[in-house]
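Q: Sequence:
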Amino acid sequence: DSSAAMGACIATSDEERARLDAEIRRNKQLDKQLTFEAKQGKTIHKLLLLGAGESGKSTFFKQLVRIHDKGYDQESRKSFERSIYKNIINSMQRILDACDKHGWKLDEKSVAARKKVDAMAAMEEMSWNIDKDIGDSIALLWNSESVKTAFSKHDEKGTQFYLFDGAEHFFNKIADVAKDDYIPDEEDLIRCRIRTSGIVEKSFDIKGNRFRIFDVGGQRAERRKWIHCFQNVTAVLFIASLSCYNQVLYEDRNSNRMTEALLLFEDISNSHWFGETAMILFLNKHDIFKQKIEKIPITECPSLQDFNGKGYEESMAYIQMAFEAACHNPVQSVYTHVTTATDKRNVEAIFEAVQDIIIRKSMKEAGLLGG
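Note that the sequence shown covers residues 177 to 547 in this note's numbering.
In case anyone wonders, no lab produced these hints; they're calculated from the structure.
As the structure is a prediction and not an experimental result, all values here were calculated from the model.
Virtual Cβ for every residue (Gly too), placed ideally from N, Cα, C.
Cβ-Cβ distance ranges computed for the label pairs, FRET-style:
{"no.": "1", "residue 1": "G384", "residue 2": "E470", "range": "40 to 48 Å"}
{"no.": "2", "residue 1": "S379", "residue 2": "Y338", "range": "33 to 41 Å"}
{"no.": "3", "residue 1": "E470", "residue 2": "N305", "range": "35 to 43 Å"}
{"no.": "4", "residue 1": "N319", "residue 2": "D381", "range": "41 to 49 Å"}
{"no.": "5", "residue 1": "E524", "residue 2": "N446", "range": "25 to 33 Å"}
Model the full structure from these sequences, guided by the hints.
A: Pasting the structure below:
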């Protein structure tokens, strides 16, 4: 089995090898199931969500569950609570570290509030909790001058530090999160950041068509699991963050995020594994990009240094051109959509268009459509 051989070549330890073997077994099982469903006369569209880390893949995936599946019941939403606590405490710690580094002094009340947050952060992560006391401390810090300064400068040259996109959402609703009866709502789930490890899959039936969607980890260490695991993929949904052009990777401080996304898209769109696969490109985080482009030019990205235009429209067009030019396969069409994965209506409209592309492609392959 070539996929097993390929897996064995890249495994670095017994544990990694065992995990890859389990992944391969699981995919064989999934393929058997797909074959069984196909024999029953169902049309199954196998979709792969790919992209670099923090591109918004899992957010897109969660939106599809929300729109086309049964959504998230109370118990499912409750299970996100710990991750939300981690998101909030880690984000505040990063902001406070930046205050120390750049000399943005905290006032007396903020210093007292910080001690409480630091004491919580020093405990085992599993015991982290945001009660009224910690919630009030975080609210006080969030409204302090120093923290506001650090937050406003977290994406600027010279004062840049990593902060996940949902931080502001949770800081603004910290009073709700701190309540005893807090249960995350669907918006909290969409904004919550959990690194995808391994492969998450979900099936949806939409208008008589079955879509099977796989979300895979985007960090470099996770990517090794991708390609050899998947055959007979109807479409790759490649998600790239528009707003990451001035940021570095979580796992490699010397690599620019957009350069990494461009290289990855080049790799995927020209891969022999996906020669027959529809390539759908989502340029995501459009809302953040639109704000950022007013202050920071896209030439901050080494791969976009030749750009000599200005403003939102020209910058957007140049990024789209850079991605589309990365696909050298003459028979491969790239279908590009500009998206904001945190916006439910935007995802709904875009996925409608995606379904159309996929269904037309299937009909064409079955000889039911000319052209």
